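Undergrad: Following the hints, put chain B in place on chain A, whose structure we already have.
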Amino acid sequence: MDWSLIWKAAIALAGFGALLGAILAIASKRFHVEVDPRVEEVLDALPGSNCGACGLPGCEPAAEAIVRGEAAVTVCKAGGPDVAAEVARIMGVEVDSTVPLVAHIHCRGGATLSPIRAVYQGVNSCRAAEIAMGGGKACPYGCLCLEDCATVCPVNAITFDEDCVRRVNVKKCTGCGLCADVCPRDLIEMVPAPATVFVRCKCQYTGKKALSVCKVACIGCKRCKKVCSEDAIHVDNGFATIDYEKCTNCGECAMACPTDSIQIWVVDDEHPEGGEFVVPEGKKQRRGGTGDDSGETTAAIEIASPGETPE
Amino acid sequence: MNEAWRYFLLFFGATLVANILLIRFIALCPFFGVSGSLETSLGMSISVVFVMVMATSVSWVAWNYILEPLGVGEFLYIPAFILIIASLVQFVEMVIKKTSQPLYRAMGIYLPLITTNCAVLAAATESVKPGFFTKLNIAYHYGFIESVVYTLGVAVGFSIVLIIFAAMRERLDLAPVPKFFRGIPIAFITAALFSLAFMGFAGMFGL
Numbered sequence: 001m002d003w004s005l006i007w008k009a010a011i012a013l014a015g016f017g018a019l020l021g022a023i024l025a026i027a028s029k030r031f032h033v034e035v036d037p038r039v040e041e042v043l044d045a046l047p048g049s050n051c052g053a054c055g056l057p058g059c060e061p062a063a064e065a066i067v068r069g070e071a072a073v074t075v076c077k078a079g080g081p082d083v084a085a086e087v088a089r090i091m092g093v094e095v096d097s098t099v100p101l102v103a104h105i106h107c108r109g110g111a112t113l114s115p116i117r118a119v120y121q122g123v124n125s126c127r128a129a130e131i132a133m134g135g136g137k138a139c140p141y142g143c144l145c146l147e148d149c150a151t152v153c154p155v156n157a158i159t160f161d162e163d164c165v166r167r168v169n170v171k172k173c174t175g176c177g178l179c180a181d182v183c184p185r186d187l188i189e190m191v192p193a194p195a196t197v198f199v200r201c202k203c204q205y206t207g208k209k210a211l212s213v214c215k216v217a218c219i220g221c222k223r224c225k226k227v228c229s230e231d232a233i234h235v236d237n238g239f240a241t242i243d244y245e246k247c248t249n250c251g252e253c254a255m256a257c258p259t260d261s262i263q264i265w266v267v268d269d270e271h272p273e274g275g276e277f278v279v280p281e282g283k284k285q286r287r288g289g290t291g292d293d294s295g296e297t298t299a300a301i302e303i304a305s306p307g308e309t310p311e
Numbered sequence: 312m313n314e315a316w317r318y319f320l321l322f323f324g325a326t327l328v329a330n331i332l333l334i335r336f337i338a339l340c341p342f343f344g345v346s347g348s349l350e351t352s353l354g355m356s357i358s359v360v361f362v363m364v365m366a367t368s369v370s371w372v373a374w375n376y377i378l379e380p381l382g383v384g385e386f387l388y389i390p391a392f393i394l395i396i397a398s399l400v401q402f403v404e405m406v407i408k409k410t411s412q413p414l415y416r417a418m419g420i421y422l423p424l425i426t427t428n429c430a431v432l433a434a435a436t437e438s439v440k441p442g443f444f445t446k447l448n449i450a451y452h453y454g455f456i457e458s459v460v461y462t463l464g465v466a467v468g469f470s471i472v473l474i475i476f477a478a479m480r481e482r483l484d485l486a487p488v489p490k491f492f493r494g495i496p497i498a499f500i501t502a503a504l505f506s507l508a509f510m511g512f513a514g515m516f517g518l
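Each protein sequence line maps, in turn, to chains A and B.
Using my numbering, you'd call the opening residue of the first sequence number 1 and step up by one each time.
Using my numbering, you'd call the opening residue of the second sequence number 312 and step up by one each time.
These are calculated hints, taken from the structure and not from any lab test.
Here the structure is a predicted model, which is why all the values come from computation and not from measurement.
Check before you lean on any hint, since a few could be wrong.
Think about it this way: if two alpha-carbon atoms lie no more than 27 Å apart in a straight line, the pair counts; the simulated DSSO-like pairs of lysine-lysine are [unchecked claim]:
#	chain 1	residue 1	chain 2	residue 2
1	A	Lys-8	B	Lys-440
2	A	Lys-172	B	Lys-490
3	A	Lys-225	A	Lys-172
4	A	Lys-208	A	Lys-222
5	B	Lys-409	A	Lys-29
6	A	Lys-29	B	Lys-408
7	A	Lys-226	A	Lys-246
8	A	Lys-208	A	Lys-225
9	A	Lys-209	A	Lys-225
10	A	Lys-226	A	Lys-208
11	A	Lys-29	A	Lys-8
12	A	Lys-222	A	Lys-209
Just chain A, same shape as in the assembly (with noise of 0.2 Å):
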């Protein structure tokens, strides 16, 4: 055997490391780059899954807007107060506890609830079929069930069973946002958390033109924003808001709708995924009622006076 050959082979390759590791020591002197140590600290705080709600490209841009000024230390809604008191103790800086947000999606009706004109057998994307003549709903302003949010949610908060009745998990929802940006109906907004008490319509038809297209849509009737003592509810373009900075979730809204499209959240031990619509105790049930989003009647819908319609 010739040892030769193995000396030369552990000088060949400990000349390699030794000159490759010199290499990169000089270098790493050389062309050294000024960090500024709080980016590493920041970074660490931060939830690193570069969801990107923030509106930078990722968790380390994110870090560097911070630790420059460019961006507030609340500035990731992903991690919540949590990481905004951390980032800020970092920083040394105050931060103002910030209310976490949840995704409300503002509409109730499913397959059931909601008749469909068209069957839709395009693109399977709510943006796609908006723009292919508004996908099959009859209602043109409803959720078009092709669950564009729940594919866009980093956190699998959003589910849709069979009948297309959607389900927002409050207690996986981060608040990043990116739900409300994909709908191409705008249906989702950003809510308070403690927030309880939901419109869950945006139906700009109002009276019997709403409710040929919904059993459970707004028909603007203004009921709610009568019974408001806050001054809390808006009703524009015929259907109604609720500016949660006034809102006391007092309920008497969803006591006095008159067609559930006004729904109080409840969280309790019962509902482990985060909470369940409820119509309000007590109320009495209009004919044809729909407690419950599964629609199980086959009454007919009739409202009472819709005379307090606008127009």
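TA: Here is chain B on its own, set in the frame of chain A:
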């Protein structure tokens, strides 16, 4: 066979006839890993072309002036080339970070991935120990220019396939694929069909 024609054959053979991804199935990890979107595959492609050509140039010099004269190349080329490629990638990353921030942002995150990309090692190895184009009568000793042309061909072949495949996968995301085939399974099937299509290049120009 004149020089230019031979270089063309070398390049063409490395790019399409013996495509590194679809015919030889080397570097399948980045092929499926970064082909999710067109943008990342473009960044990866540019980085691969850049690193592969540099790595091969250095490896060729190391082989011809150090390993081969010492007679240890036959069994030492893998550790030696891995060492060279890894250090080179680190070095290039440092230089780019210092000199050009835009370039670093475009290529930076892919460079560490390429450190252990087997396509780079394969190209470096073949440029000194070519086993594929025996018909070209340059079986064992590529000159420096030849090895660079060959490597450029490999890298361009990698890029073309990666970019086409990423574009296909972006369309597949919107296609009505059965639920259990979504994502990687349909990508595998597509890659297999794609590979079959590339076999049509076999035998072109006698390669």
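Undergrad: With reference to the structure, classify each hint as holding or not holding.
TA: Do the hints match the structure? See the list:
no.	hint	verdict
1	Lys-8(A) / Lys-440(B)	holds, 21 Å
2	Lys-172(A) / Lys-490(B)	holds, 24 Å
3	Lys-225(A) / Lys-172(A)	violated, 32 Å
4	Lys-208(A) / Lys-222(A)	holds, 15 Å
5	Lys-409(B) / Lys-29(A)	holds, 11 Å
6	Lys-29(A) / Lys-408(B)	holds, 13 Å
7	Lys-226(A) / Lys-246(A)	holds, 15 Å
8	Lys-208(A) / Lys-225(A)	holds, 19 Å
9	Lys-209(A) / Lys-225(A)	holds, 21 Å
10	Lys-226(A) / Lys-208(A)	holds, 21 Å
11	Lys-29(A) / Lys-8(A)	violated, 31 Å
12	Lys-222(A) / Lys-209(A)	holds, 16 Å
Of the hints listed earlier, those the structure fails to meet are numbers 3, 11, in rising order.
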